[in-house]
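Trainee: Chain by chain, the residues:
Number of protein chains: 2
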Amino acid sequence: MKALILSIGEELLTGQTVNTNAAWMARQLNLAAVEVEEIRVIHDKRDDIRRSLQEVDPAISLVLITGGLGPTRDDVTRDVLCEHFDARLVPDQEVLNDITTYFTQRGREVTGINRDQAMVPNKARVLRNPNGTAPGMWFELDGRSCIAMPGVPFEMKEMMRNLVMPALLEKQGDRHILHKTVLTQGVGESALMEIIEGWEDNLPEDIQLAYLPSTGIVKLRLTGRGSHKSQLEEVINGQIDRLKQIIPEYIWGYDDDTLEGVLGERLRERGLTLTTAESCTGGYLAHRITSVAGSSDYFTGGIIAYDNRVKTGPLLGVDTRLIDSHGAVSREVAEAMALGAREGMHTDLAVATTGIAGPGGGTTNKPVGTTWIAIASEKGVHSKHYAFGNNRGRNLILAANAAMAMLIHSLK
Amino acid sequence: MKALILSIGEELLTGQTVNTNAAWMARQLNLAAVEVEEIRVIHDKRDDIRRSLQEVDPAISLVLITGGLGPTRDDVTRDVLCEHFDARLVPDQEVLNDITTYFTQRGREVTGINRDQAMVPNKARVLRNPNGTAPGMWFELDGRSCIAMPGVPFEMKEMMRNLVMPALLEKQGDRHILHKTVLTQGVGESALMEIIEGWEDNLPEDIQLAYLPSTGIVKLRLTGRGSHKSQLEEVINGQIDRLKQIIPEYIWGYDDDTLEGVLGERLRERGLTLTTAESCTGGYLAHRITSVAGSSDYFTGGIIAYDNRVKTGPLLGVDTRLIDSHGAVSREVAEAMALGAREGMHTDLAVATTGIAGPGGGTTNKPVGTTWIAIASEKGVHSKHYAFGNNRGRNLILAANAAMAMLIHSLK
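Just so you know, the sequences run in chain order A and B.
To convert a position in the first sequence, counted from 1, into my numbering, add 33.
To convert a position in the second sequence, counted from 1, into my numbering, add 33.
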């Protein structure tokens with residue numbers, strides 16, 4: 034089944050509101066093997082809504098509309114739907130009761146405008162809205178379903194979950210779409226593509242591969258379509274097993290995993306504690322680690338050593354001569370920071386970052402983006418050099434991602 | 034000028050990625066008096082892209098395309114654009130140089146796939162991309178501009194800011210929409226609404242006011258439309274002067290100001306240095322402060338004291354008895370942390386946070402969200418209690434925002 038999502042609302046077209054509704058709906062539909070062919074955002078204007086309804090591609094058998102059902106004058110979706118489906122408005126006692134209850138519970142009077150919301154198209158199945166005043170409407174015409182819902186996220190979500198999705202799943206029978214995503218770090222999109230080209234070429238025809246790159250992480254999403262869920266799972270998992278043998282050093286997680294989440298799990302499993310000594314990442318690495326609920330179990334704290342005097346101070350104890358002879362951005366200083374932090378903070382592991390985040394501070398030998406990351410453990414210390422780019426904000430993310438990936442691999 | 038935003042990408046249609054690009058672009062366009070008529074999200078498929086280009090409404094004179102320009106096989110936008118504009122691909126030396134530099138800086142080899150990205154349509158103006166390998170393309174045909182940009186947010190944003198928006202503004206001539214935004218912190222939307230009700234009621238008719246709340250900050254956006262820019266500016270600035278007299282204690286900045294940016298300016302003006310001692314914010318406060326380029330001039334570093342042993346350790350030196358008698362989340366400990374950090378890090382100012390970020394750790398007396406923030410300076414130490422909510426991620430942001438606003442006001 035192919036779907037169109039039609040989002041109606043001025044606030045989406047001025048950018049004041051991000052269209053999170055459409056993304057949420059797409060995820061729900063996907064799980065029910067409904068493919069979203071298009072998302073269209075339009076104004077709350079009669080002509081625009083009319084044209085969008087007329088233009089729907091014949092291949093589309095499901096149109097999901099959100100927004101434009103409120104009581105105010107600029108909400109005209111219901112009228113246009115009546116016109117399009119040649120329906121007329123009739124009063125619905127159940128909806129009127131819902132609206133009255135809604136207002137009574139809030140200690141307010143039902144106004145005439147709200148009472149008008151109990152008028153529904155005679156050709157639509159009404160979708161009751163326990164969280165607001167605008168009911169949803171489900172039209173069926175020539176094998177196509179057209180469902181209009183309110184734009185308020187939690188009203189729409191409850192209507193989708195309780196009324197729309199169960200009915201769609203029933204319609205779908207046993208068609209399945211299965212996604213499985215492999216998360217990699219440490220290799221660019223095009224380099225990765227060349228490494229796994231042979232594997233990609235041999236993927237079965239009903240499995241599609243997509244590369245989804247984002248700030249140092251490349252996600253490989255495998256999508257399979259078929260009628261037997263368990264069989265699909267088997268095929269996809271088999272392909273992932275093959276991939277694991279080709280690029281074990283880059284894979285760190287699957288699906289909705291995060292670097293900080295996987296790192297936390299590994300530390301917890303092994304009963305180890307961690308500290309951070311950050312120069313270029315300026316607290317961002319610790320922030321990522323502590324964004325995980327319960328991270329205080331393994332993260333004791335950290336030092337942000339922006340100024341060299343903090344690097345050479347009592348807690349990190351980096352030898353001033355190291356900075357003088359190698360510079361603050363060097364293997365030697367990164368390793369000394371990690372060793373110092375591990376000792377000073379009494380942890381099992383310590384990770385240190387030092388680099389030139391930019392935009393200033395670059396030199397010919399050490400351009401902006403030059404970064405060293407070191408890890409100290411009971412086994413000693415090891416470090417890695419990175420050459421990131423020119424963008425300060427991006428460099429922080431790349432450095433933190435690299436540091437967490439290094440930690441995860443060292444805990445394997 | 035009316036615009037269509039065409040977002041290309043499978044990940045947007047499966048809901049894996051929320052279309053924040055389109056919202057950001059719409060906001061930019063709005064500032065330049067360009068009205069977004071429609072946002073359309075489609076698959077990375079030849080037929081879909083082709084059809085969308087053919088279907089563009091005649092009233093649309095600007096089409097902005099993002100996505101589908103990457104080096105991998107599933108990116109086909111460039112081909113379809115060539116076909117649509119009857120163009121052919123020609124090598125572009127400048128783009129090839131950019132791509133080569135991009136890879137060289139990262140210590141990587143240029144692959145054949147990436148070299149292919151230096152092939153550009155002969156009928157397009159090339160938009161160079163300093164942050165990635167896919168250049169943008171600007172076509173002009175029959176009075177309509179069609180601009181294709183990469184889908185990676187920061188690549189697209191820099192291209193829009195530096196190349197696309199200046200050119201569009203020039204095209205727009207003298208129709209003006211003027212936005213001016215007043216930034217407040219420390220007061221909720223509805224409380225603020227009541228305080229400034231009288232002022233709002235007396236705004237001139239051609240000035241609109243919008244409340245834009247976001248995590249502890251309420252932005253008040255004034256919008257004026259007209260043909261005389263200087264006159265518009267005068268009217269809006271006059272209204273803002275009146276507002277400043279009503280709520281001086283809540284206003285901390287204007288327009289694109291950030292708390293971290295304003296804080297940095299104030300510290301720089303006064304020649305003061307700052308350190309942080311963070312418990313609940315776990316590095317996020319330092320991250321916000323160091324996200325400003327050049328922050329190393331006034332930020333020396335900081336301590337993340339997640340574990341109480343770090344709070345009572347050599348650098349902060351909080352008395353263990355304070356924690357025993359008042360708890361780690363208390364005025365006494367927050368103030369001791371700030372005083373200890375200021376002394377240990379040898380700075381003019383120190384700010385400390387301690388709180389229960391959640392989801393765990395709450396008690397009846399100190400529920401999740403309870404937070405203390407303290408500032409130490411040469412004048413001594415002062416602190417403030419906050420009761421935030423149940424959401425861990427949101428609590429971090431609220432605490433960091435409150436800490437920076439406290440610092441800004443203390444530097445007035």
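Certain hints may be false.
Same chains, same names: a pair is fine if it fits in one copy or spans any two.
[Said to hold, decoys possible] Computed cross-link-like contacts, SDA-like style, restricted to lysine to any residue with a CA-CA straight-line distance of at most 20 Å:
#: 1; residue 1: Lys78; residue 2: Tyr244
#: 2; residue 1: Lys78; residue 2: Val89
#: 3; residue 1: Lys252; residue 2: Gln138
#: 4; residue 1: Lys262; residue 2: Phe172
#: 5; residue 1: Lys35; residue 2: His76
#: 6; residue 1: Lys156; residue 2: Arg83
#: 7; residue 1: Lys412; residue 2: Met226
Rather than coming from a laboratory, the hints here were simulated on the basis of the structure.
Trainee: Now tell me, hint by hint, if it's right for this structure.
Mentor: Each hint, compared with the structure:
1. Lys78 x Tyr244: between (38 Å within a copy, 15 Å between copies)
2. Lys78 x Val89: both (17 Å within a copy, 18 Å between copies)
3. Lys252 x Gln138: Cα proximity of Lys252 and Gln138: none, with 40 Å in one copy and 23 Å across.
4. Lys262 x Phe172: neither (30 Å within a copy, 46 Å between copies)
5. Lys35 x His76: Close across copies (12 Å), not inside one copy (23 Å); limit 20 Å.
6. Lys156 x Arg83: Cα proximity of Lys156 and Arg83: one copy only (17 Å, versus 36 Å across).
7. Lys412 x Met226: Cα proximity of Lys412 and Met226: none, with 35 Å in one copy and 60 Å across.
In summary, the numbered hints that this structure violates are 3, 4 and 7.
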